Amino acid sequence: MSAAKTAIIVARIVNQIYRFMPNVNPRQVKNVQKQMTKQSLAKLLKTDEEKQAFINTILTMTLLTSGAVDFVRDPEIWSPEKSVNKDGTKRRWSHILSDGADFALETLRFPTYELVTKEQYRLANKLLPMIGSTVISSKEVMEAFTNADVGSINPDFKAGISRDEERLGAKKVLYRGMHSMSPEVVKFLANPGATWDMSRGVSTSYDYNSAEGFLNKGGGNGIILHMKNETGRGFTADALSKYKPEREVILSGTIIVEDFMLTMYAGEEFDQDRGFNDELIKIECNKNFILMRKGSDMIYGKRNVDFDAEIKPMLNTLLSGQLFEFESKGKIYKIKMLDKSATLKVTATVS
Amino acid sequence: MKLTKTQIKQIIKEELEQVMNEVELEEQEAIQEEADASAKQELIDAMSVPMK
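As given, the protein sequences belong to chains G and Z, one line each in that order.
Throughout the first sequence, residue numbering follows the working numbering, covering -11 to 339 in sequence.
Throughout the second sequence, residue numbering follows the working numbering, covering 393 to 444 in sequence.
Next up, chain G with everything else stripped away, as it sits in the complex (with noise of 0.2 Å):
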C-alpha cells in the first residue's frame, strides 16, 4: 500500500477519535483521545515516508478548511504580509489546525509553532486533487483500526466501530450550499447531462444542513447541491478541521448533473405601460414539468414537458433577464424574472 493512501486511512481512524466522546470525567476526555491518537500513529505509521505522507495531507486538509483557499488555488500570490490572521498577527499553523490534528502533527513533532509558509501552500495545491480523489473502504480502513489496538485504552470506542463499520468509510451522500450565484450558473446546472471537472479538490459536506445553513447565508440566487458519491471518493475532514461542525469532505472527480428542481419568481407586464404587476409569479420546474402559481391560482401547469424543446428554452429567456411569453387558458403572460430569486436544488452524481 503506498505511503498516501496509508496517511489518508489513519486520517479517518484519527477524525473518529476525535468524533468520539469517551464516557469518562470531562477533564480527561482530551487525555483519550490523544493516548488512543498516539497509539494509533505509533503502530500505523511505520516508517518516515508513512509520517511526512501523514503530516502532508493534514497540512493540505488544514490549509483548505482554515487557511486562505486563494493561497491554496494560486500559491504564487502567497506573499508574507498577505498571510495574517483577522487580527493582523502572522499566521502560525498553531492558529489554524484543530485540536485532533495539532496533537497529531506535535506527535510527529512536526513544529506547529512555525508560520504556514509559500512551499506548504504550493504542496497543497499539489496534493488536493489526489486527497480529494481518493477512494478507500472501510474494510480498509478497519483492518488498520484493529491492527492499531485502541480498544485497549477504550473498549467503548472499539465497541462503537465494531458496530458501526461505516463509520470508518466515505460518506456516499454529500451536500454544496452556494448563495450569491450568478444566473448563467443556474442556467448551467438546469441542465441534466451538465459536466464539469473538480478535480483540483473543492469543499463538500455530508450535513445536509450545514450546507442548506451556507446557502442561507447570503442573498441571491442560492444553489445546492446533493451529490451521489458511489465509489466513496473524498477526504472526510470533518472533526480533523477547525470547524468541525460543518462535516467537512474534500472531494474531487467530475460531477454530472442528472436532475433539478427550480423554484424563481417572476413578474408579469402589463401590456399599457409596460410596468410590471406587484403580484409575483411563482415558477417551479424540473426536467420534465413546469408550474406556474400566481398567489394561490395555478396559471399553468405541464407535465411530461420536453426539456429540450420548451423548458431550456424558457429558462435561458428567463435567466437571461428577457421577457418570456406564453398562452394558457386563452391569455397572453408575458413574465420577467425577479432579479436574484432563484432557487436550484440539484442532484448529482460524482465519479
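Calculated directly from the structure, the hints in this document are not laboratory data.
Mixed in with the good hints there might be a few duds.
[Stated by the list, open to error] Derived, one-sided and incomplete: chain G residues facing chain Z with beta-carbon distance under 10 Å:
no.	residue
1	Leu52
2	Leu177
3	Gly181
4	Met186
5	Ser193
6	Gly201
7	Leu239
None of these values were measured; they are calculated from a predicted model.
Glycine included, every Cβ here is placed at the ideal spot set by N, Cα and C.
Position chain Z relative to chain G; hints supplied.
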C-alpha cells in the same frame, strides 16, 4: 446549362444566407461555450470556499 441573371442572384443570395447562418450558429456556440466555461469557473470558485 445557362443561368439567368436572376437565377445567379438567387443562388448567391441563398449561399450567402447559408454562410451567414453557419457563422451565426458558430458565434452562438462560441458564446455558449464561453458562458459555460465562465459558469464552471464560478462554480469551482464558490465550492472552494469552506462552508463556515
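Going down the list of hints, with the structure as the test:
no., hint, result
1, Leu52, "holds (7 Å)"
2, Leu177, "holds (8 Å)"
3, Gly181, "violated (12 Å)"
4, Met186, "holds (6 Å)"
5, Ser193, "holds (6 Å)"
6, Gly201, "holds (8 Å)"
7, Leu239, "holds (9 Å)"
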